[in-house]
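So the protein lines, in turn, are chains A and B.
For any residue, its number in this note's numbering is found by taking its place in the first sequence, counting from 1, and adding 264.
For any residue, its number in this note's numbering is found by taking its place in the second sequence, counting from 1, and adding 45.
In case anyone wonders, no lab produced these hints; they're calculated from the structure.
It is possible that some hints are incorrect.
[Claimed, not checked] Some chain B residues well away from chain A (every beta-carbon gap over 12 Å; in silico):
1. 114
2. 118
3. 119
4. 173
5. 213
6. 242
7. 311
[What the hints assert, rightly or not] Derived Cβ-Cβ restraints for the label pairs, each shown as a range:
8. B:60 / A:402: 19 to 29 Å
9. A:380 / B:242: 30 to 40 Å
10. B:313 / A:315: 28 to 38 Å
11. B:250 / A:428: 41 to 51 Å
12. B:257 / A:277: 53 to 63 Å
All C-beta atoms in this analysis are idealised placements derived from N, C-alpha and C, irrespective of residue type, glycine included.
Here's the letter readout for the chains.
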Amino acid sequence: MSSILLRNLFRFLFLMALQILVLKRVNLGGAEFNYITIFAYPLFLMSLPLNTPPVLMLFIGFLTGLTLDSFYDSIGMHAATCVFMAYIRRWMLNVLEPAGGYKEGVSPTKRNFGFLFFVKYACFFMLLHTLFYFSVEAYTFVYWRQILSKTAPSFGVSFLFIMMYSFIFDPAE
Amino acid sequence: MQFLIRYGSFFLFLLLETYSLVLVAQYNTKAGEIYQSSANLFAGTVYTHFNTFNKYLSNQNDIDSLQKENGELRQQLETSKYDNAVTRGMVTFPVDTSTIRPDTAPQKDVLLQFRYIGAEIVNNSVARDNNYLTINRGKLHGIKAGMGVISSDGVVGVVKNTTDHFSQVMSILNKQMLLSGMIKRNRYFGTILWRGGNPKIVNLDNIQKHADIRKGDTIETSGYSEIFPGGIRIGTITDPKRFDEISVELSNDIGKIRYVYVIENFYIKELKALQEIQQSQQRLNIRN
Numbered sequence: 265m266s267s268i269l270l271r272n273l274f275r276f277l278f279l280m281a282l283q284i285l286v287l288k289r290v291n292l293g294g295a296e297f298n299y300i301t302i303f304a305y306p307l308f309l310m311s312l313p314l315n316t317p318p319v320l321m322l323f324i325g326f327l328t329g330l331t332l333d334s335f336y337d338s339i340g341m342h343a344a345t346c347v348f349m350a351y352i353r354r355w356m357l358n359v360l361e362p363a364g365g366y367k368e369g370v371s372p373t374k375r376n377f378g379f380l381f382f383v384k385y386a387c388f389f390m391l392l393h394t395l396f397y398f399s400v401e402a403y404t405f406v407y408w409r410q411i412l413s414k415t416a417p418s419f420g421v422s423f424l425f426i427m428m429y430s431f432i433f434d435p436a437e
Numbered sequence: 046m047q048f049l050i051r052y053g054s055f056f057l058f059l060l061l062e063t064y065s066l067v068l069v070a071q072y073n074t075k076a077g078e079i080y081q082s083s084a085n086l087f088a089g090t091v092y093t094h095f096n097t098f099n100k101y102l103s104n105q106n107d108i109d110s111l112q113k114e115n116g117e118l119r120q121q122l123e124t125s126k127y128d129n130a131v132t133r134g135m136v137t138f139p140v141d142t143s144t145i146r147p148d149t150a151p152q153k154d155v156l157l158q159f160r161y162i163g164a165e166i167v168n169n170s171v172a173r174d175n176n177y178l179t180i181n182r183g184k185l186h187g188i189k190a191g192m193g194v195i196s197s198d199g200v201v202g203v204v205k206n207t208t209d210h211f212s213q214v215m216s217i218l219n220k221q222m223l224l225s226g227m228i229k230r231n232r233y234f235g236t237i238l239w240r241g242g243n244p245k246i247v248n249l250d251n252i253q254k255h256a257d258i259r260k261g262d263t264i265e266t267s268g269y270s271e272i273f274p275g276g277i278r279i280g281t282i283t284d285p286k287r288f289d290e291i292s293v294e295l296s297n298d299i300g301k302i303r304y305v306y307v308i309e310n311f312y313i314k315e316l317k318a319l320q321e322i323q324q325s326q327q328r329l330n331i332r333n
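This is chain B alone, in the form it adopts within the complex (with noise of 0.2 Å):
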């Protein structure tokens, strides 16, 4: 007991002080996501009524009813829609359409690949070296950890973690994130990612060596992941000189956007299950 009452405040400082460092280390695992973030619903609805401020001096119907009409005709455009016409640029190789099967038969010869569900951000951070943005949208409006998040200027980030109404968004300033990018001239695609500091130039990298790169080349997204579709801009090339380290300056100001995308990809599933098989057989190699 005597021990205890000298020395308890001091492992008392160790077991917290450990368990601190052990939740810093661990946060970005599943986990240690959702104990503590912004998304979580209490500071969300702190936040939200924080932001019911700034509506207040603009007309939020407004904005609503533009963000869906922007959202819905964003879905109109080409790199939303799978292209589904089996005969289409095959003059020399006729499909027989007798082997199709009536279930999977094409009714349509466009199909709607991306949906965009309109948000706005509720919390946002540059500062740091993992940054995240909460959004008011969540599992109820049919968003999911995975998805895409872009705005009218670009790519913001990708959905990690939703509650019921809000979600928590990966930011394009996170240490963490890698994104698939492309030069728009010339197709050469490369890793986009931020390493810190300046919250508006992010890094190209792994793009190849013979890749003819030059300052003011626009760097948009390739359409290679199933997050994103083809042709949303990310940014312009400032720094081309050398090639392990080509500088973007991003086309989004990221500590200044408002209001969001969601991208939902419809067939996600489907690719999901290839590189899954594609998984499978490389592990089946390794055993052999």
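Here chain A stands alone, though its shape is the one from the complex (with noise of 0.2 Å):
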């Protein structure tokens, strides 16, 4: 139990620092294409286990979008953000079950359930996630041409960001 309290709260410190000290001053679009932005923080929403209480997964959720916002200047961005993506993990999380069911109590993770289910998973789930994002940020859906155009690139780079980070370390819990 507390290998995996200890487990996640490695992995939130070191996401964060990975998001606020190295990916937060990447710019992969130079001047003329400044639409991507790479989320590797997702990723730390996305290992918690099944087994997360709802209502400490939202708690987390809010506390995870706050640290950002401090850091990115976004003040309730990345909050409502991540609040909503640990309250949509559950049904997505059900729609996408696996053929034999979860295993009680471990991680979404790719070493758990198989590639398939991964990559299913972190599609679903950074698409959600970087959709959501820019539709707060720009607060309405007039603007939606420019959310999308900020959204498909942001996606497509964080998906893989996220694909590679999990053949690179491959963790169970």
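Take each chain as given, in its own frame, and dock them per the hints.
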């Protein structure tokens, strides 16, 4: 139990540091195509154990978001996104449930439930995450073109990043 | 109780989500900005420590002293001075110096109007719609909200919030930022604003229809606001064709700058007082 807690705490610190100190400074698109943000931290919310109580899940999401907001100067935007993702994760996992069902108490990772499951899971999760984030940033769907032009490249790059990450580290929990 | 267990997480979700969205909506109010920003001490300290990383590569003491010297040199510029000579240019109307009260009588012909405080950027962004920077100087160094920030290449932004050791600066790449800009060649002026997207391009708006605008014209600060002295570079016109959307390429690469100067205007109180008088008079006129 405590090892799972420690693992997640460590993952939280590592992904936050990666996001805030490294990825925040990366500008892949250059000045002319300034639409790419790499999101690595959603992997923390994705990898929380399956039996995390919903209420705890929401608070974790909220705190994750607030931490990011204080470094990104984006008051509330990451918080809103992370709370939404924390809430929607249960449904997403229900929809994606593998034929054999889930093992109790483990994390939804590539090693536990296979490559195909993880691709689908990461794809859904990151797509919703980026779409929600850029919608909150614009705050209205009137700018849907701008929202989509930011969502598409950011989703692509973030998804690739998360797949690479899970191939390199390949954690069970 | 059964109800709470069943729907508790849904209501908690609604509560947290609403709270987050309210924060987003309110973030241009003072409270929202102070609540969560990289100007807060914790985030600022983390960034400062991370930046010391880079500092080892260069000799920080040299940079600090050069920056101080540059600030002092800038103060010597004509645009930093307030011309106090009462009799200058008044040949036909000689001033009766006996009417000037001794305590306000001009002591010197030229007074210093602008002071430049050197600072280093510890956090920056250009990728969002409303971008902010954090600098490593704050209240203790005499920085106040509303002061202008420039770099050696031109205008950077305006200070929004300060803590003891850090300040949050609204970047010129912020959709809420409005700046008075002037064409250097013919002194026509307009409003500089950013519409998002490319962090090298801003727009010049509200300029007179008959103004002669050419490609390559230099845009600089007008000196009409109390924030910036006149003659500080903003950029050059790249696309003069459309009057409603004249593109200006910034002289500053906001994503790259590291050292800035915060401008203190010694006469800001007097200028603000004048504005307040004007506003209260307008209010009176409306009432009458």
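For each hint, the structure was consulted:
No beta-carbon of chain A comes within 12 Å of the beta-carbon of residue 114 of chain B; the shortest separation is about 30 Å. Once the 12 Å rule is applied to beta carbons, residue 118 of chain B is consistent with being away from chain A; the minimum gap is 31 Å. Residue-level check passed: residue 119 of chain B sits 28 Å from the nearest beta carbon of chain A, beyond 12 Å. In this structure residue 173 of chain B is not separated from chain A by more than 12 Å, as the shortest Cβ-Cβ distance comes to only about 7 Å.
Non-interface call for residue 213 of chain B relative to chain A: violated, since the shortest CB-CB distance, roughly 7 Å, does not exceed 12 Å. Here residue 242 of chain B does not stay apart from chain A, with its beta-carbon only about 6 Å from theirs, under the 12 Å limit. Distance check for residue 311 of chain B against chain A: the nearest CB is about 30 Å away, which clears 12 Å, and the non-interface claim stands. Between residue 60 of chain B and residue 402 of chain A the CB atoms are about 23 Å apart, so this pair conforms to the stated range of 19 to 29 Å.
Range check, residue 380 of chain A to residue 242 of chain B: about 38 Å between beta-carbon atoms, so the 30 to 40 Å window is met. About 59 Å separates the C-beta atoms of residue 313 of chain B and residue 315 of chain A, a value inconsistent with the hinted range of 28 to 38 Å. Take residue 250 of chain B and residue 428 of chain A: their Cβ atoms lie about 44 Å apart, and the range 41 to 51 Å holds. The hinted range of 53 to 63 Å is satisfied by residue 257 of chain B and residue 277 of chain A, whose Cβ atoms lie roughly 58 Å apart.
In summary, the numbered hints that this structure violates are 4, 5, 6 and 10.
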